[in-house]
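Chains as they are written, first to last, in numbering that gives the first Met the number 0: chain U, 0 to 288; chain Z, 0 to 340.
It should be emphasised that the hints constitute simulated quantities derived from the structure, not laboratory data. If a hint is listed, it holds; no wrong ones were tucked in.
To give an idea of the chain Z side of the interface with chain U (calculated C-beta under 7 Å), a few residues: (1) Trp146; (2) Gly300; (3) Gly304; (4) Val308.
Backbone N, C-alpha and C fix where the C-beta goes; we use that ideal spot for every residue, glycine too.
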Amino acid sequence: MGSFIQYTLQGLAAGGFYALAALGLAVIFGVMGVVNFSHGAMYMLGAVASAVLLKELGVGFWGAIVLVPILLFLFGVLIERTLVRWLLALDPLYNFLLTFGLTLIIVDLVKKKYGVSGLPYELPAGLDGRLAIGGVSLSKYQLFAAVFSVLMCLLVWLLLTKTRIGMIVRAATEDSERSRALGINVGMWVTPVFGFGIALAGLAGVLASPFRAITADMGTNFIIILFAVVVIGGLGSILGAVMAGFLVGLVEAYGQAYAPAFAQVLIFVLMAAVILIRPSGLFGREEVS
Amino acid sequence: MSDHLVQTTHVETAASASPERRLPPALRWAGLVLALIVVLALPMMIYPPVAMDILAWGLLAISVDLLLGYTGLLSFGHAAFWGASAYATGLIAIKTGLPFPVAVLGGALVAMLLAVPTGWLAVRRTGIYFAMVTLAFGQMLFFLANWARDLTGGENGLQGIPKTFFGSVVETDPFFFYYAALPLLLLGAWIAWRTVHSPFGRVLMAIRDNPARARALGYNVEKYKIMVFVISAGLAGLAGGVFSVSHGFASLQELIWTTSGKAVLITVLGGIGTLWGGPIGAAIVVMLEDKLASSGFEGIGIITGLIFVICVLAFRKGIWGTAADLIARTRTRQEHKRDIS
Numbered sequence: 000m001g002s003f004i005q006y007t008l009q010g011l012a013a014g015g016f017y018a019l020a021a022l023g024l025a026v027i028f029g030v031m032g033v034v035n036f037s038h039g040a041m042y043m044l045g046a047v048a049s050a051v052l053l054k055e056l057g058v059g060f061w062g063a064i065v066l067v068p069i070l071l072f073l074f075g076v077l078i079e080r081t082l083v084r085w086l087l088a089l090d091p092l093y094n095f096l097l098t099f100g101l102t103l104i105i106v107d108l109v110k111k112k113y114g115v116s117g118l119p120y121e122l123p124a125g126l127d128g129r130l131a132i133g134g135v136s137l138s139k140y141q142l143f144a145a146v147f148s149v150l151m152c153l154l155v156w157l158l159l160t161k162t163r164i165g166m167i168v169r170a171a172t173e174d175s176e177r178s179r180a181l182g183i184n185v186g187m188w189v190t191p192v193f194g195f196g197i198a199l200a201g202l203a204g205v206l207a208s209p210f211r212a213i214t215a216d217m218g219t220n221f222i223i224i225l226f227a228v229v230v231i232g233g234l235g236s237i238l239g240a241v242m243a244g245f246l247v248g249l250v251e252a253y254g255q256a257y258a259p260a261f262a263q264v265l266i267f268v269l270m271a272a273v274i275l276i277r278p279s280g281l282f283g284r285e286e287v288s
Numbered sequence: 000m001s002d003h004l005v006q007t008t009h010v011e012t013a014a015s016a017s018p019e020r021r022l023p024p025a026l027r028w029a030g031l032v033l034a035l036i037v038v039l040a041l042p043m044m045i046y047p048p049v050a051m052d053i054l055a056w057g058l059l060a061i062s063v064d065l066l067l068g069y070t071g072l073l074s075f076g077h078a079a080f081w082g083a084s085a086y087a088t089g090l091i092a093i094k095t096g097l098p099f100p101v102a103v104l105g106g107a108l109v110a111m112l113l114a115v116p117t118g119w120l121a122v123r124r125t126g127i128y129f130a131m132v133t134l135a136f137g138q139m140l141f142f143l144a145n146w147a148r149d150l151t152g153g154e155n156g157l158q159g160i161p162k163t164f165f166g167s168v169v170e171t172d173p174f175f176f177y178y179a180a181l182p183l184l185l186l187g188a189w190i191a192w193r194t195v196h197s198p199f200g201r202v203l204m205a206i207r208d209n210p211a212r213a214r215a216l217g218y219n220v221e222k223y224k225i226m227v228f229v230i231s232a233g234l235a236g237l238a239g240g241v242f243s244v245s246h247g248f249a250s251l252q253e254l255i256w257t258t259s260g261k262a263v264l265i266t267v268l269g270g271i272g273t274l275w276g277g278p279i280g281a282a283i284v285v286m287l288e289d290k291l292a293s294s295g296f297e298g299i300g301i302i303t304g305l306i307f308v309i310c311v312l313a314f315r316k317g318i319w320g321t322a323a324d325l326i327a328r329t330r331t332r333q334e335h336k337r338d339i340s
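The whole structure should be built from the sequences, with the hints applied where relevant.
So this is what it looks like as structure tokens:
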């Protein structure tokens, strides 16, 4: 039982990274219709940036968790303004391909600068070590990562449902043409939304940096799992992205514990089952073709 | 519901069902003869294994284009079929000792069998979802191959694939191997050409342009999509099989999603919906990578990624698409002049 709770926590912590990043992917897709292939690369940049901040400037984990999302927000704004913007009117496949090209460039640039071996990172003070609750020993950091990502998802949800900005963004997600007709300047929100989505991927990267190997390739596999997450949750759905993120994290953790050989494959089996039973995803709306 | 969830794929494809876009027969035959001469002379101009790589990647790009340019489906998982055939071909060649063309055909068959369930699942989604689903299934195969190390050799790959060919010089000299493997790839290109220029191909283009109308006309859209997906996987399999025999090994590199990405890159660079574009794009990408690798430049992704970004931003018709456009435009202008005079 104790080990089961450990696996669950591990799953929730890993699921938190998926949920945060998938949330960013879903918000960008909802408002802009862009599936951002470079999301995995942005997650990697978040982790690399926190390692570099620690090494070069001595900025620790708590500094990084604030600074890195801001940096990536700016990077996202830059990319949206210079590249993504020009293809918004075309088929979404073009931005998918564009961001794929960007991924290749970013990953190889990081590889050239920092090499292929992992960058070192330490657990932040106060979060290392383990916590014994009722006879079960749990990693403090995993507990923090799980709780923090749940809180962040809740915060984003509150932002989207309870504030005026959120209302505008949701209206633009639902029906951008009608929102425009009602006097909302949808175009104005496109750039910050893209930056915000990228910042969420970066935040997931910061959270992952103390317990994953920080390499240029760490986003390569992440993005594929992320796509499986949004297919399972339904790409148009913000709730779906978060729920599926945690679900996939749990499936992965239990898989690694009880059937290590199939841990990765299980996720895709789950995805196949969802496509078979509910093609539009667990929380998605029906797609008309 | 927002537009991007319901719209069908509108990529800038050069493939059109209208007959006036086609070149006159004399010009088409001249082009075909010229292409054959280039293909036959290629290993005399460049290192034969590199020439073989160009044609194998070219056929892989053609197989991607069959889906993207003619059916409006972006497969980001064609590494699965290329790689599955690379391994299957290798295993057949090692275990049975049959001549390599038989092994390659066997590999292509394995790829097609694999495409039946994946295609059946993937065609339930369209557009961008199709790309993500095929990508995920491709990666699943990567994990499976890594897990089944008894069969695939895991991270070491499958080594020592023989070029068995009746004990002739083909087995040792890559120059002659090129000519022995060429018919397999030409067969693939011919199948693609036949598929596109058949009533079946017309239905595919109808599905691409307006799936709802194609359905209303009584065509089983899903069935057509699965069929072209399986054909395309077979072509990717032919290419992957020849590639692995040519190199003498099959590795996990063949199955990873960046290989699918490279195939899409070649397709877009050559021109979506052109068939000819595949081999032309492959020639550029393969030779560029070869040059960069031999000059010791690390980070090929920076260059290929840059080409990709530029292509998508400013050069969406690709090389052959732009050329075909120019030819078509001069022709209509000439016809216009004739009509006036």
